Amino acid sequence: MSGESEAGYRMVVVGASAGGLYALRTLIAGLPADFDMPVVVVQHRAKESELLCELLQECTPLPVTEVMDKQEIGPGVFIGPPDYHLLVDDGSFALSTDDPVRYSRPSIDVMFQSAAETYGMDTVGVVLTGANQDGSAGLRQIADAGGHCVVQDPETAEVRVMPRSALKAVPDACVLTLEEIGPHLAGIRGRRVPPCPPRDA
Amino acid sequence: MSNQRVELPDTPAAYNRDVERIEVELLLEGVYRHYGFDFRSYAYSSLKRRIWKRITQEGLASVSQLQDRVLHDSSLMEKLLLDLSINVTAMYRDPGFYAAFREKVVPTLRTYPFIRIWHAGCSTGEEVYSMAILLEEEGLYDRARIYATDINEVVLQRARAGIFPLEKMQEYTQNYLRAGGTRSFSEYYTAMYDGALFNTTLTRNVVFSQHNLVTDGSFSEFNVIVCRNVMIYFDRKLQNRVHRLFYDSLSRRGVLALGNKETLRFTDFEDKYEVVDTREKIYRRTA
Numbered sequence: 001m002s003g004e005s006e007a008g009y010r011m012v013v014v015g016a017s018a019g020g021l022y023a024l025r026t027l028i029a030g031l032p033a034d035f036d037m038p039v040v041v042v043q044h045r046a047k048e049s050e051l052l053c054e055l056l057q058e059c060t061p062l063p064v065t066e067v068m069d070k071q072e073i074g075p076g077v078f079i080g081p082p083d084y085h086l087l088v089d090d091g092s093f094a095l096s097t098d099d100p101v102r103y104s105r106p107s108i109d110v111m112f113q114s115a116a117e118t119y120g121m122d123t124v125g126v127v128l129t130g131a132n133q134d135g136s137a138g139l140r141q142i143a144d145a146g147g148h149c150v151v152q153d154p155e156t157a158e159v160r161v162m163p164r165s166a167l168k169a170v171p172d173a174c175v176l177t178l179e180e181i182g183p184h185l186a187g188i189r190g191r192r193v194p195p196c197p198p199r200d201a
Numbered sequence: 001m002s003n004q005r006v007e008l009p010d011t012p013a014a015y016n017r018d019v020e021r022i023e024v025e026l027l028l029e030g031v032y033r034h035y036g037f038d039f040r041s042y043a044y045s046s047l048k049r050r051i052w053k054r055i056t057q058e059g060l061a062s063v064s065q066l067q068d069r070v071l072h073d074s075s076l077m078e079k080l081l082l083d084l085s086i087n088v089t090a091m092y093r094d095p096g097f098y099a100a101f102r103e104k105v106v107p108t109l110r111t112y113p114f115i116r117i118w119h120a121g122c123s124t125g126e127e128v129y130s131m132a133i134l135l136e137e138e139g140l141y142d143r144a145r146i147y148a149t150d151i152n153e154v155v156l157q158r159a160r161a162g163i164f165p166l167e168k169m170q171e172y173t174q175n176y177l178r179a180g181g182t183r184s185f186s187e188y189y190t191a192m193y194d195g196a197l198f199n200t201t202l203t204r205n206v207v208f209s210q211h212n213l214v215t216d217g218s219f220s221e222f223n224v225i226v227c228r229n230v231m232i233y234f235d236r237k238l239q240n241r242v243h244r245l246f247y248d249s250l251s252r253r254g255v256l257a258l259g260n261k262e263t264l265r266f267t268d269f270e271d272k273y274e275v276v277d278t279r280e281k282i283y284r285r286t287a
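Protein sequence lines correspond, in order, to chains V and U.
For the first sequence, the positions run 1 to 201 when the UniProt record's numbering is used.
For the second sequence, the positions run 1 to 287 when the UniProt record's numbering is used.
Extracted from the complex, chain U is given alone in its bound form (with noise of 0.2 Å):
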């Protein structure tokens, strides 16, 4: 028997992965250099699978090839831009961490006059809109300011519109239930052909803007950050770079809120914080 043809997730089986990864280096570093995107300590190895996926969509064969097509289209660059960044997310995703943070956050924050609120890495803004319900529920939404940014300004458009498909409203809604939401779902979003238009006084105070965590710095002083899922596309040096970042901008006692499947155990900033909610991965800051 020969060896059947399988299909191959993504890179040819043949191709040599040292001249890969110098590659990809180069693709990388000419990004940085010309467009400013800095990926260059992104995990490698999901890197490179996003990296192959654009290389496949646009027929080409090489990561050289893609470097070349990049530097001299910056329409590429904006495709490229979309695949590297990260913008898988839905309303109340894990709803289990929305639940924890009402039981076992809101009630500190009760206890402020203003609440400052930082969403890193917030894509497409679902997660925005639902910490915004969260607030509105618990009658904290009047003196918060919730600051969401992404890298991307493609998907921060998405964000201000607050138009998401309405196919998803029956999943949002169970998350929604699980989250410990407490009204009708329904009441926040109005149906309109195939998308459900979310309320424009829950952006009322959230402000959307453009922000690099590689390599941009701190712009304020938070009570609470949350960060999901996105610092899982960073290798280890960069991921504590972030963290000294996220420090800095924490208030005394701020809450840091990772992805459930985040921890601060492989960071130099383990015991800077203390744990709020082990599950969920929400952290106090100590010192």
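Just chain V, same shape as in the assembly (with noise of 0.2 Å):
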């Protein structure tokens, strides 16, 4: 609905389970100061645990939040709250306490869902470290939107499996370390990037 820009892509969509807090702090980190897209983050974790937004903060200058309900859309490093689905409506974000998908609340495929929905060929979706297989038909979904893939490199990822299955659904992601990963995603601002061929396929 919001209509897509030409100007480039609006919007990252990061995924993580476990092994997830060192491959975001390291991904976070390696953002510069003004980066100016909105960084929203889905992490599996327990339904209690708080200290996420404060060990993510260490590590920029960019200001990382807890989503709130309906808390507008802009600049920074967005956290869904555990033990919700995170969505993204036009400008601003949406909590849901619907079942969880696939074992999972908050479900990164229904937050990459929601952003290829609403933001299409502007968004960029990252998924990193993780045990299972959430987040990889909403990759799908971003590629098939036009949006911008980007996984970690399973042989960098503590565990594997997220990433491997990622690959699978969009083969022509870009395969990055996770050092790798910010310098990348500053260096798309404002313009377009092709797939990246498949690897060893």
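These are computed hints drawn from the structure, not numbers from a lab.
Values in this document were obtained by computation on a predicted structure and should not be read as measured data.
From the three backbone atoms N, C-alpha and C, an ideal C-beta is built for every residue, glycine too.
Hints are supplied without guarantee of correctness; some may be wrong.
Claimed, not checked - List time: in silico EDC-like cross-link candidates among lysine to aspartate or glutamate, alpha-carbon distance up to 16 Å:
#	chain 1	residue 1	chain 2	residue 2
1	U	Lys237	V	Asp98
2	U	Lys53	V	Asp99
3	U	Lys237	V	Asp83
4	U	Lys237	U	Glu78
5	U	Lys104	U	Glu280
6	U	Lys53	U	Asp83
7	U	Lys53	V	Asp98
8	U	Lys53	U	Glu78
9	U	Lys79	U	Glu103
10	V	Lys47	U	Glu153
11	V	Lys47	V	Asp83
Stated by the list, open to error - Away from chain U, derived, C-beta distances all over 12 Å, residues of chain V:
#	residue
12	Pro61
13	Leu86
14	Thr156
15	Ala186
Using the hints, put the two chains back together into the complex; each one sits in its own frame.
And the structure:
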């Protein structure tokens, strides 16, 4: 509905599961201080885990906030709260206590899908370490919408299942190490990049 | 390597988003005009997920097909209503809320001769029973009236029955203790088969009734309004409307309790309340 822009990407969505804390810290530390796209993070975690925002804030000057319902979307790092699905509507976030999707709440797929539907080709999806398949279907939808897909190099991931699954779903996603992802995101601002060629396929 | 087929959470990937939006709006308009349930100002992204859940379960292929069926079959409307109204709840859900309520709101309630509480969007009633137990333990239940409302008559019937799954009692007992419960939780229910029947004395001052936050007005003046994780399904415009309704229904210095990921910050009513508990989103009307 919001339409797609000629100028380039407008939202980065990131999904992480097991091993995600270290991965997210590395990714976020690699973003420049003037990074102006919203970075929206879904990390699988326990209901009562509360320190994630503080731990991520330590490694970036960008504001890191846990999302409140109807919060406006702007520059900064936004973390979905535990035990809620995180969705993007036009211009603001919406939370939901809908049933878990494939045992996960928050679900990376749900968040990726709502981003793909709202931001279309202006979406950048990033799948990091994890021990399940969450994020694969959502990344596929981002790719189908014309967005840009990035997957953490499974060989360097703490847990390889989730990035491997994402690469099966989107074989032409860019495969990058954690250290490369932040600079890569900084480099694609304001322009479109084509899908990456399949690796060893 | 060809693209692997991956399981999609809901909407088919090939679906045209603009057409979908039109279909959803037509469905909601039809539901409103024919049945009177108004979902037209619900947050779109989660609403759409729920609609597709029903489409999939009915073996249909489009929102329009669902519209056709729903308008001609009121039993399908009942199912859709259950899908669209939010029925995720638990006893002492977010124990921290009840602990904060006990510590920061109960002392004020003690000074009142009579306490009127509105629990808006109570679903199957678990949180109403939780509040009744809390008030009982604080010696306030006899002078309290709880008006527990929901849009959906089906869930209200379950709330009135007061029978919750026995398998949940372990989790609920944990919640109860973390919420500051002072007795043995098992005092409040009787186990029967796979259900836990809660003492009927807990509902002697509770009125369960159907109320639609979107279309119905205020029906009394309250000292406390509890509405947790209901308005996250509304868009900002509708949230403001409901906040107007709550504001008009609260007594001076009345307390408004929201879910802990909700906030007044993005509404027109932020300056009409003071914060009682930041974390648990408990507010007191000041203006």
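Verification of the supplied hints:
no.	hint	in the structure
1	Lys237(U) <-> Asp98(V)	violated, 22 Å
2	Lys53(U) <-> Asp99(V)	holds, 11 Å
3	Lys237(U) <-> Asp83(V)	violated, 25 Å
4	Lys237(U) <-> Glu78(U)	violated, 26 Å
5	Lys104(U) <-> Glu280(U)	holds, 11 Å
6	Lys53(U) <-> Asp83(U)	holds, 8 Å
7	Lys53(U) <-> Asp98(V)	holds, 11 Å
8	Lys53(U) <-> Glu78(U)	holds, 14 Å
9	Lys79(U) <-> Glu103(U)	violated, 40 Å
10	Lys47(V) <-> Glu153(U)	violated, 30 Å
11	Lys47(V) <-> Asp83(V)	holds, 5 Å
12	Pro61	holds, 23 Å
13	Leu86	violated, 10 Å
14	Thr156	holds, 20 Å
15	Ala186	holds, 28 Å
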